[in-house]
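4 protein chains.
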Amino acid sequence: MKSLNVGMIGGGFMAKAHSLAISGGVNMFFDDGIVLNRKMIAEVNEEMAKDAARRFGYEKYTTNWRTLVEDPDIDIVDIVTPNNLHMEMAIAAANAGKHIICEKPLGRNSNETKKILAAVEKANVKNLVAFNYRKTPAVALAKKFIDEGSIGKILNFRGTYLQDWSADPESPLSWRFKKDVAGSGALGGDIGTHVIDFAHFLVGKIDEVMSMSKTWIKDRPIQTGGLDTLGNKSAENTERGVVDVDDEISTLLRFKNGAVGSIEATRNAWGRNNFLTFEIHGEKGSLYFNYERRDELQVFFAEDGDDRRGFKTVYTGTPHPYGEGLWPIPAIGIGYSEVKIIEMHDFLQAIIQDKECEPNFNEGHKIAQVSDAIIESSKNKNG
Amino acid sequence: MKSLNVGMIGGGFMAKAHSLAISGGVNMFFDDGIVLNRKMIAEVNEEMAKDAARRFGYEKYTTNWRTLVEDPDIDIVDIVTPNNLHMEMAIAAANAGKHIICEKPLGRNSNETKKILAAVEKANVKNLVAFNYRKTPAVALAKKFIDEGSIGKILNFRGTYLQDWSADPESPLSWRFKKDVAGSGALGGDIGTHVIDFAHFLVGKIDEVMSMSKTWIKDRPIQTGGLDTLGNKSAENTERGVVDVDDEISTLLRFKNGAVGSIEATRNAWGRNNFLTFEIHGEKGSLYFNYERRDELQVFFAEDGDDRRGFKTVYTGTPHPYGEGLWPIPAIGIGYSEVKIIEMHDFLQAIIQDKECEPNFNEGHKIAQVSDAIIESSKNKNG
Amino acid sequence: MKSLNVGMIGGGFMAKAHSLAISGGVNMFFDDGIVLNRKMIAEVNEEMAKDAARRFGYEKYTTNWRTLVEDPDIDIVDIVTPNNLHMEMAIAAANAGKHIICEKPLGRNSNETKKILAAVEKANVKNLVAFNYRKTPAVALAKKFIDEGSIGKILNFRGTYLQDWSADPESPLSWRFKKDVAGSGALGGDIGTHVIDFAHFLVGKIDEVMSMSKTWIKDRPIQTGGLDTLGNKSAENTERGVVDVDDEISTLLRFKNGAVGSIEATRNAWGRNNFLTFEIHGEKGSLYFNYERRDELQVFFAEDGDDRRGFKTVYTGTPHPYGEGLWPIPAIGIGYSEVKIIEMHDFLQAIIQDKECEPNFNEGHKIAQVSDAIIESSKNKNG
Amino acid sequence: MKSLNVGMIGGGFMAKAHSLAISGGVNMFFDDGIVLNRKMIAEVNEEMAKDAARRFGYEKYTTNWRTLVEDPDIDIVDIVTPNNLHMEMAIAAANAGKHIICEKPLGRNSNETKKILAAVEKANVKNLVAFNYRKTPAVALAKKFIDEGSIGKILNFRGTYLQDWSADPESPLSWRFKKDVAGSGALGGDIGTHVIDFAHFLVGKIDEVMSMSKTWIKDRPIQTGGLDTLGNKSAENTERGVVDVDDEISTLLRFKNGAVGSIEATRNAWGRNNFLTFEIHGEKGSLYFNYERRDELQVFFAEDGDDRRGFKTVYTGTPHPYGEGLWPIPAIGIGYSEVKIIEMHDFLQAIIQDKECEPNFNEGHKIAQVSDAIIESSKNKNG
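Residue numbers (UniProt numbering), protein chains in the order written: chain D, 1 to 383; chain U, 1 to 383; chain H, 1 to 383; chain B, 1 to 383.
Certain hints may be false.
Copies of the same chain look alike in the list, so a pair counts if it works inside one copy or between any two.
What the hints assert, rightly or not - As a list, the in silico DSS-like pairs of lysine-lysine whose alpha-carbon atoms are at most 27 Å apart: (1) K2 <-> K39; (2) K178 <-> K284; (3) K379 <-> K153; (4) K39 <-> K284; (5) K205 <-> K218; (6) K143 <-> K153.
None of these hints come from the bench; they were simulated from the model.
Take the sequences, apply the hints, and build the full model.
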């Protein structure tokens, strides 16, 4: 069985998710026929790097990501760092001829993503940007229904990503609230890009945006050292740092194919945890998805008949996308682990079949362009 | 017991809803101490007027609404006609010194509502515009929680009104699709105004809008005679008439108090029936309501504690607004009848206590102004 | 138009519900062509009777129900009193040749219902026992799907009726907790009979039961005078009376047609308000209904296809049972008013068409027999 | 870091789930400080064993499970075979001094489980029976609320396990339908035992049962070779084999502490996939869980106040049981992988802290005793 060596840059919770998929998940679930070795992991200091290697099972560790990128033993570079580091790392990895998985968003803005894209295209390496939520079987099923014409021509798309882990003004100042690290706020620098990805994946190219944004919480307690902490826990630190990105953004959309839509992303939505949703109306039916109940796709088909039409809750299982590799009956459970395993499986298939990853860096770049446009549109409208 | 005579103009399904409330509902539920007599009903021809009187229990009928308005026996005029007739009727009723209930929207646009408002203010009669959905106990409970500060300062509002009764291109050309009758489309002329009413009622004055609209179905089978028919039933008629208003409209909002928001109204949302919703996030909690499940308000209070926070489904009953007059335990059932009974009760209380109705024509006028602004903003953006 | 005079015995919240249907609801909704006059109402004392007449719009009142029953002007007697009075009243009404509507349960036990049944059969009057919940359009739709064979042969039935209005030990001692008035407890004397009615209506005759019951709260504060109060409100009275019926009962069922099932009824289910549900599995599909969301029927059809099967939420409207008389689009709202209006409509249709009411007293008697069997089965098992 | 060697007996989908947890999941999530090596896997023939080793990453394989059990390098034996093999394997493993994880149910009946229990008690090895669903964070949270007294004294428990993977009579004859392999049917031999486990875990000892059972589908197409197949897929084989166990069973329960309850387990519930639920009512509140929406626990606390009480949807995350090891915010996703990782973590903690596993074989034996009693009670009542 062929084997490939992976180098992971970053040791936070995303490293956990990716490493589980690498450590065994893929073959156990999909039998791609490639063994992935956890070869090396990089973190910012000795202690963190060593600990990450131990926790996530990497043979070696380094505090210098360039060492990892340039190691001839490494076949795949997996980048799970804050956004501001993606460009330099991804370009270096491409130049070193490595296949690349990069966490979303691909860069802080489309200037960065353009350069990253150029590098991988020049190097001709496989490249996947980790918009993992489209890998959820229920989302893949939505795509299948659309492609089959089951809901007809798409009229509109409404996407939301609502969270509350930072709704408390005493929650820590994550790097996600710093423009120099994140690039932008709720939408461009973080969660909103997943919704743009859904819009592109399911509906198509976005032509026009009209946006508003807000920064509700203007400073937060500074975090002290270590890995970035998400969450509502009030920090003990009394020193506060400035939030210089938005924490809520809304936009109207016009798609190239005529459909209209909207996106809303906020981190101040008390009670919403990972409320990543879309609702799509077509000429012949509708679709609704909420990642908080990710085993399910809601579908409505007009043709079902006057007296028996209604939104149907389809639990994804073996008859649905990726079903052959997952659990034998629906609702045994799709979790984040399963979603990330599917993502890695698709990445390996791109290598095996020598085809483009979905979504690749080209897609990541287009999403950054939309994100830039939304932020530009909301300028001077941020209260 | 005091008694008042009601004259109803219009004999469609709204006449049914209002007449049930009048015929007994109010005293049975709230004991307002006023007996309402169903005195006279007006429809466009003898047959329809006579039948409406029989069905809805009116003593007399007329084919001339002016006869009704000018009858000295009539105390209250209730207008349930298409939008284009509201102005003339309401002004005549005001001039005749009658208290007025008028179905929403108050007029086809703010030019009309301004004149209507002037008339009732001059006549000093009670005036209520029938944005009945805010009378739903769960919506009134949302208002109470907001007023009590239970969710803190409001950050945003997201309202939708999604329907599918006309999603089929073969569904009949209701007057709701004709600009000269309805005034405007999905938003201004019909369902969207309920969402603006929610926004005003729950959040406050709207300062700025940015909108997009679409007319997806550009012609429909012409209806032949009689009352307007809603519904997905394909018309038999093969002659088609032009739809000259939008059937989908979306807007971003900025409120005077700093909150932001959005409204989406569409008649092409397969699977959504009367999907009138709002979600409101505040600094200390959140609220969600969906009229399709109108016995329930979803509430989230941040203060509930880290390990036991979550959206709570509150079924409205005796401890909630209007609860003293409704059913003895929650979930026995709030239907349209109950909502309309509450509306009539509030109207009677305004008469009894000589106070303003909520919402009155001034509010109806402000809603028309917002509606006009949304439509103006969407100009040239209607594909 | 033909008119019939109604005499109502009882003035509590059930009188309200019935009176609204009588006062106009039926013709407004279904145009049955019969005008119902609210002729006379009876309550236990002058003050209550007078007030009930005023509130509910009856021409006359009496403190002697026999006066009402024997009045030659009365065509229909509507009995909405506590259970212990049903037998005497219903028999007297039958003997006087009146058509009868009687609130459920028909009697305190099958000895009583047998006598009531004999009286109406002898008198040959129309008789309806007010198991109103089967009149909910979504329940009628379930019946239609079953009758059409859409879910195939029925395998099982699981019904629940869970409430919490008396879960607080300080809530008042309603007559529903007294054996001499109610006959029995949660099941036989009250809510559980609705579930037995569902089982009979949807599945068929019950052959065998195995039951357990409990009386969790053994005494409660005595109510002082007036109408019976439901609800969680703690009574002010410190004197307590004994609860001598169960407040929770569960049973397994075996139907004559081979299906199996269960019923659970409890008044101690914190958080459940009017949680009257059934789930039915057939060889080809399934049905689920919860009255707390009564506009909806959940349906699953196996034939829908491997990749698009799921429970469908059907909102009842014009294409469904009773739809022609209700609101023009689904989810405008089915409340208790609408359910009771449908019930009265069915009663009038039985008169007009000279056919049996559904459910009639024969059905009410069969339900009492099942109820008796369940209580008998649970004897010595009540902790 | 300490390391332990695992031997896995069985190579089906349960081997996948256990192996993922072993391969990295545990340390990645909980940092238990023990490295688990996938040492050896056993299957029934060379091809299957070799393939399982490759897929799931085991160093060695064998077709003789005794070789595995007796290998001195093996520290932990993990049994994921059909039920009929558990006894022999578990006793052999215990005699060889290995710690043991055994899939549920522990044996085919309590005669078997008694012997297994005796063996592990004599050998003094750690023993865990894989009732994994109680490891779901939301279930663990329910247990915490109960133990803290948040819902007061428990009054009742209603558990269901409804599935439809074999509702189609053409679905294959899994070993789960054969008495000699499974021991018993829907309840004892398979899914129902999870519900008994919930009842024991959350409420306590069961004293009395009253049951009914059915075998709806009396024969099914025989499977040909290889791993057992679940699912609705019609088998191609035309030869049919007899189903000699029930496929639906219901029981009433009486707990030692006075609470009452019911359990229903069926494999014929079209539309229910992995519908493992419980509803618990206590004197002060209620709990509801449905594994199909396993990120959520529904909780109701009476003390929340009259106007703001309702079932609350708590999404489990860092403030809840096991939260410190899982994902940083709720609803990122609990899948089967996460549940099995938690189970393995608890097993390792029992080894590290030298304490009893939960649930251990003693608990597995008690569950078998209840299961036997339920089946006995339903005898002669199986139609």
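Structure-based check of each hint:
no.	hint	in the structure
1	K2 <-> K39	both (15 Å within a copy, 21 Å between copies)
2	K178 <-> K284	between (44 Å within a copy, 24 Å between copies)
3	K379 <-> K153	between (33 Å within a copy, 24 Å between copies)
4	K39 <-> K284	neither (50 Å within a copy, 46 Å between copies)
5	K205 <-> K218	between (34 Å within a copy, 24 Å between copies)
6	K143 <-> K153	within (13 Å within a copy, 36 Å between copies)
When the structure is compared with the earlier hints, a violation turns up for hint 4 alone.
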